[in-house]
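Since chain A is already given, all that's left is putting chains B, C, D, E and F on it; use the hints.
Chains as they are written, first to last, in the working numbering: chain A, 1 to 316; chain B, 1 to 316; chain C, 1 to 316; chain D, 1 to 316; chain E, 1 to 316; chain F, 1 to 316.
The reader is advised that the hints may include incorrect statements.
Derived CB-CB ranges, DEER-like [said to hold, decoys possible]:
1) B:G45 to C:R287: 17 to 25 Å
2) F:P239 to B:K292: 29 to 37 Å
3) E:E206 to F:P239: 21 to 29 Å
Just so you have them, the derived chain D footprint on chain B, three or more residues with Cβ under 8 Å [what the hints assert, rightly or not]:
4) 166-178
5) 210-219
Keep in mind the hints are simulated off the structure, nothing from the lab. Here the structure is a predicted model, which means the values were calculated and not measured. Cβ atoms here follow ideal geometry from the backbone N, Cα and C, with glycine treated the same way.
Protein chains: 6
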Amino acid sequence: MKRQYVKDLKPGVPVDDIFFVTRRDIKERRDGAPFLTFDLMDRTGNVAGIMWDRVEDAISCVEPGGFFRVQGKLGNYQGRPQLTVTVIYPADPKDIDRDDFLRATKHDREEMMSELHGYIETVKDRHLKKLLTSFFDDREFVDQFIMAPAAVQVHHAYLGGLLEHTVMMARLADKMPAVYSEVNRDLLMTGIILHDVGKTGEYVYESVLDHTYDGRLVGHIVIGYGMVRDRIKRIPGFPDELSRMVLHIVLSHHGQMEFGSPKTPKFVEALIVHFLDNLDARVAMFREALEKNPDTKWTDYQQFLETNIYVRDKPD
Amino acid sequence: MKRQYVKDLKPGVPVDDIFFVTRRDIKERRDGAPFLTFDLMDRTGNVAGIMWDRVEDAISCVEPGGFFRVQGKLGNYQGRPQLTVTVIYPADPKDIDRDDFLRATKHDREEMMSELHGYIETVKDRHLKKLLTSFFDDREFVDQFIMAPAAVQVHHAYLGGLLEHTVMMARLADKMPAVYSEVNRDLLMTGIILHDVGKTGEYVYESVLDHTYDGRLVGHIVIGYGMVRDRIKRIPGFPDELSRMVLHIVLSHHGQMEFGSPKTPKFVEALIVHFLDNLDARVAMFREALEKNPDTKWTDYQQFLETNIYVRDKPD
Amino acid sequence: MKRQYVKDLKPGVPVDDIFFVTRRDIKERRDGAPFLTFDLMDRTGNVAGIMWDRVEDAISCVEPGGFFRVQGKLGNYQGRPQLTVTVIYPADPKDIDRDDFLRATKHDREEMMSELHGYIETVKDRHLKKLLTSFFDDREFVDQFIMAPAAVQVHHAYLGGLLEHTVMMARLADKMPAVYSEVNRDLLMTGIILHDVGKTGEYVYESVLDHTYDGRLVGHIVIGYGMVRDRIKRIPGFPDELSRMVLHIVLSHHGQMEFGSPKTPKFVEALIVHFLDNLDARVAMFREALEKNPDTKWTDYQQFLETNIYVRDKPD
Amino acid sequence: MKRQYVKDLKPGVPVDDIFFVTRRDIKERRDGAPFLTFDLMDRTGNVAGIMWDRVEDAISCVEPGGFFRVQGKLGNYQGRPQLTVTVIYPADPKDIDRDDFLRATKHDREEMMSELHGYIETVKDRHLKKLLTSFFDDREFVDQFIMAPAAVQVHHAYLGGLLEHTVMMARLADKMPAVYSEVNRDLLMTGIILHDVGKTGEYVYESVLDHTYDGRLVGHIVIGYGMVRDRIKRIPGFPDELSRMVLHIVLSHHGQMEFGSPKTPKFVEALIVHFLDNLDARVAMFREALEKNPDTKWTDYQQFLETNIYVRDKPD
Amino acid sequence: MKRQYVKDLKPGVPVDDIFFVTRRDIKERRDGAPFLTFDLMDRTGNVAGIMWDRVEDAISCVEPGGFFRVQGKLGNYQGRPQLTVTVIYPADPKDIDRDDFLRATKHDREEMMSELHGYIETVKDRHLKKLLTSFFDDREFVDQFIMAPAAVQVHHAYLGGLLEHTVMMARLADKMPAVYSEVNRDLLMTGIILHDVGKTGEYVYESVLDHTYDGRLVGHIVIGYGMVRDRIKRIPGFPDELSRMVLHIVLSHHGQMEFGSPKTPKFVEALIVHFLDNLDARVAMFREALEKNPDTKWTDYQQFLETNIYVRDKPD
Amino acid sequence: MKRQYVKDLKPGVPVDDIFFVTRRDIKERRDGAPFLTFDLMDRTGNVAGIMWDRVEDAISCVEPGGFFRVQGKLGNYQGRPQLTVTVIYPADPKDIDRDDFLRATKHDREEMMSELHGYIETVKDRHLKKLLTSFFDDREFVDQFIMAPAAVQVHHAYLGGLLEHTVMMARLADKMPAVYSEVNRDLLMTGIILHDVGKTGEYVYESVLDHTYDGRLVGHIVIGYGMVRDRIKRIPGFPDELSRMVLHIVLSHHGQMEFGSPKTPKFVEALIVHFLDNLDARVAMFREALEKNPDTKWTDYQQFLETNIYVRDKPD
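In isolation and in its complexed conformation, chain A is listed as follows (with noise of 0.2 Å):
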């Protein structure tokens, strides 16, 4: 784990720390001699950082998409922090934490998935208790849907996200049976939990998030389907109807073909997880907007929610 993180740099200590690199360009100065400029990031940020001597080594092995460690000093480049390496060679695998440098929910992964298993618990179906276990029994398949974030930006673009997302949004769902008779309390706990499962194969998040191959040419609604309906197949005597309703859940969770379902919810527990998905979604941009802005009554404009966000004053 880090001791130095880029937003608590101080101007004028000295730095000696692991970071990650994601740009590296090679100039010339007047007199002709080449230097090294690079970008420098960690989870809590970005850092400008430059080169001037001795940069024959630097220069043949550093690439950006790496980690290394790099010593040197902050200082200031037309008024933005610069820092001024003076050594940089590629890090020890085994001093490399992925959590150094990937954002991460602030819950407790372990709580978080033993809430997750307790709302499992309660499904009673046990076509539909099967399928849940198929998936939370398969320890590969564990792995990732408690790393992955939820998004690339947006919302809960941090590791964990996921998980966070679908524990929110079980736990809004949770009370609705009670005020709707009419909804299948085993149907709709199902839908939330698998609803975002191909989130696993949507993005990748080993040292940046981005989107797979897949998640760009198929998407994580189709992918999910495909995951969902392989587990059915291996469940014997899941029924026909049954089936069709938990694949249609995750297919139509975006609720309007023009947001990427390719059928819009045709019953109410459908309808139910499409609207906790989009509002726990909404609720966690409104919360990122006001983190990023602390000392503001507007948060800057939000692009997504096309508005600023007010933020009130604190309530005694």
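Just chains B, C, D, E and F, lined up with the frame of chain A:
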């Protein structure tokens, strides 16, 4: 209270009860003699009526838009039921029960009001509490709030619909602050309870549901804004920011400008009120569509929802 | 095979043939005696039916949704033809030919299948060739593919419509690689042939055209995705990239998300499949509009196309 | 009043005048010494500032959002003008003239107010006359109405813009009743004059133009509705219908819900107010675009108008 | 000129006048004898007709799309008026007056033309004046311009509608240059007068209003462009810039591409022509809606305007 | 013809060739001496230029929008290449070759013209043939048609782009009549060849690509309509229907009104021209995106296409 409702009329059985007349036409037989046709309704539906003989009195006394005592017998014309009327005259006002002619909520209004008072009790902020009680201690307002529909068609289009819609939303909102710690419970609950108070001025529901002139020229969102603003002004020391936020929730609860909200939600409680309003309305539309299509796998096409709704087999 | 089709029925000529009953109502005469009205159809159109006498047997045996032997004579009611039925009873199953009741392509299905096999032959990539033959060597699939319509209404809404639509697109695609050198012929042709295979699971067409439950809850795009994905999985060594691209073509062939494609085309072969799909569908709509409006300069308004269509004078 | 405006600054001439500071950053030189950069503005434009020497006092006293006395000389940095500041300290409040820092209408405000009073004189209906005079005999309101801008950007975004916009619309409306006999002149003129009064509460314009909190959470349409409603309530015997119609004009003047009007125009005077509002705003946008692009045949792209504007040659 | 118009027909009074036949069907009585039904119209409305006896001659001579002398008596069928015809034969052409069968402007055409000539007189630019007189000195063009409707439905859909619409716009435009000094009066007035000349080629109005083939395939905007361009070419020395601007006004007067203008307005005169065109059309729609709904507080729903229109009480 | 193109410039190698100057700024050094910065371009790209010494002559003779002989050497500023200029003066006109400065089609123009003549040969209808030859026997038109681009950006934005686009579409169209028997080959081919002739008047392309005034005020669709209409008028006996149909194809080829077509396609040949126009433009956009992104799996985001494009691995 009526004994013979439209939907229970049987061919051949003599009819003698009160109906509301929505149309009345005078026509001419081949032999030149006049006859009458009507549309008759009560809260369970419509039926066509026809009157062949001794129509002089009927011609002079029967006007559309009134309640009439009707005697006759059910037949059939071009495959649809038709009531052959022998006697028709104005109903005695004391025999007319509005609940016979307008659909009403299936829930007990007193119980719902009492549940609503429970939610008001939980509001701790004294200005918000005062604002709520200024509404719900006002007998005249409460009488309207208890009877008003939530719409003329589409959803909750029946007496008590507004109250039912508000209580359902309060139930859903009740657990939200436990899931999202950033939510201010008092503000959310106040927003839920007041968001639609303008509907008491948007509809008339004496005999049929319709919009008031103000309903169509101003609309329930701005009517409600005016009502809440008036009462806030009468509460000394009501904080400006709180006032602005409560009013914003009322104005923004349709979520998007093209749905009649002059502002979109700009903080999380306004966002949640909008979502729960929308969710409860849609769940009600799904429910009402299923009730009207009891014996099919698919309901007829739902204009507003832009889909047919799937009816699942009865679960085991 | 029938001898008397609805569109050829003449007033006065005795009728005796098999028809499909889509509606049946029991009504009451002035004198209280029951009579029956029907809607009768075959692939050439609909006609109303009425039965006045000896209706007891008919009442007990005639249900909508079945095939019946009908005897009677054509008359006229309110300016529209009406068949006065004297005898009606269930048709002998062995006398029923589905082609009499559902419209069918005017092209020879065997010839079209053989043309399609010709296009499959031209595919050189061995994995794509295996994928195509896994479909077209499967007798059960081919039986459905040959019979399926391409739509319930709008275009190619008749037996064999899917095959006809696919062959037309293949003809158009055949010359594309010669015009655009960047186009991979094998991938394009595979995409054309497989893009709509999901329609074999989207429609039922035993007696009338309709959607299956899966058709409405999942849709042919995702059904087709599942079918192609299953077969690809069974082909050892099928390259990941090729798999992803073929599946993407299936998913993106509607071109835009609001038309039900969860992804828009992301490479040139997917783009072309989308364009040819759209073009062939629209050319068919123009053609069908002209066929229904033989003697005018303008067809009636075409809802889907949002226009009337101009009919040019016969060229010299 | 200032003597040196931003747009008139010349390289080499000593600068000594008051400017408004919108940004101030502390940076570090290569040798570690701090220096300052600013953004300085007055009503004619912005200029970057830089201060290299004796910055200690400036660091402690210069905050963005204030008026400062600035001495220095204009140079050039990366092709853009830059003011090298030698002295800067808070301006004496009595030397600050808001009109130096905010753009203002080119028309004489007193003349425009007097023209507006002329239009009010022509209103014959005594209730409408009373309503108008209740606004325009109220000194506090008039002071705001005379100063308020009509927008923060896009059109009439300067002091007195609201008054100018209102008078222009009144001129256009003045002849309407002569063209369309069905137009009620009193109602139209009242609608014109009051439609935008809410803008007095939508903007702040002490030093820069911005929205108030109410402006963003409620908006000028509903703020204006509240203002007009309050004054109507205080006029005894104001007819219900007239009230409803005036309020509807205020609410509907943006013409479409997606532009923030909760209701669309429902009678002809409301329609005309909407059209003239829109027309005058767009004519002003065209005019302002031309003023900003004096020497071209095409203005730069106008975001809001979604076009470039053609500049005709000077007519003979 | 007719003496008996459809809307004045009374039950029982003998009818004997000329009507236009838009439909004619031959039907069969229970006893096999043929009878005829028609739709008859004049400029005041439609009425159904029925002919029971001696129909042989009528069958051979009555075709839809012609004018006929009709004798009979008004009765009633299913609550709607029906003319029982006893005699019908082709009308003598010299007895047919087109004004009896097509609605016409209520304004005096000669007066309107003379007002229009007044506006032409005010144009000072000699090229624009020449362009206008080249149209309005051309008798053939003027004859069409005086008679043409401004639409087939929606607004000004009557003979002389184009002239009326143009004159109303010219009245509105007349004062614009006094309000906006940047407006070139000559260009604006020329644009107003010519913007819709293409409508003389878009409609036929011999007996019913309809589109020409060119009207549907090319449209009045581009037809008008062609007409103005042809005449400009014949004026020696017509300046290029002026030509381009006049033609642009014609092309852009629908304001947005989705309404059929291939270009949006790019200078202020084009903008104003678009606004006045739109305003006058909508005022006319409001007016026509009110005329069709004389005794209500709300008109029926206006498809094009997407609203019902409020009818105010008669003012004191 | 040039010997040193922008994209081939190497650091350190002396530069001496002709470039087009698009920007020139005079700046001031710290010591008050002026220096110059430029943007220099040829058809292969842009490069920034800077000139420090002996700039007096350069200041007086260098204007943006002209061709200049430039001598200097390539360096680097802030990580981007920069040409340090020592000598610059106006280029001798006879040394300037437009093809050096504007991108051009990679195909041989003569071959393409000859292929196009081949398609014209196949047109059998003598009026259409005459129309086509009236264009393509006109040397002045052909000179423009051969050089014109098909767009300013987006697709085929290079000299000869219009010709290339037209020929590609003709190739695609060539086989259509064999697939769809209802297609009139002569009309389709004429429509293809003439649909974009207006582009010869929409663009200037002397030194940079830009729109003409007519291009922006009228647009190529209506310019082309005028050109075709003029030539049709000069052909005696050209049938009205044929004229109307050819002109409709030109007007409707953008397919939808919001894309600038005043009419949507109303017969099958117009539909096909629209589709092929759209398809060829998009295939070109895909191709150009790939060319600009040679070494990635995904191109950068394509604004117009609203997607990134997937780059497949090189097939075996």
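List, from low to high, the hint numbers that the structure doesn't satisfy. 1, 2, 4
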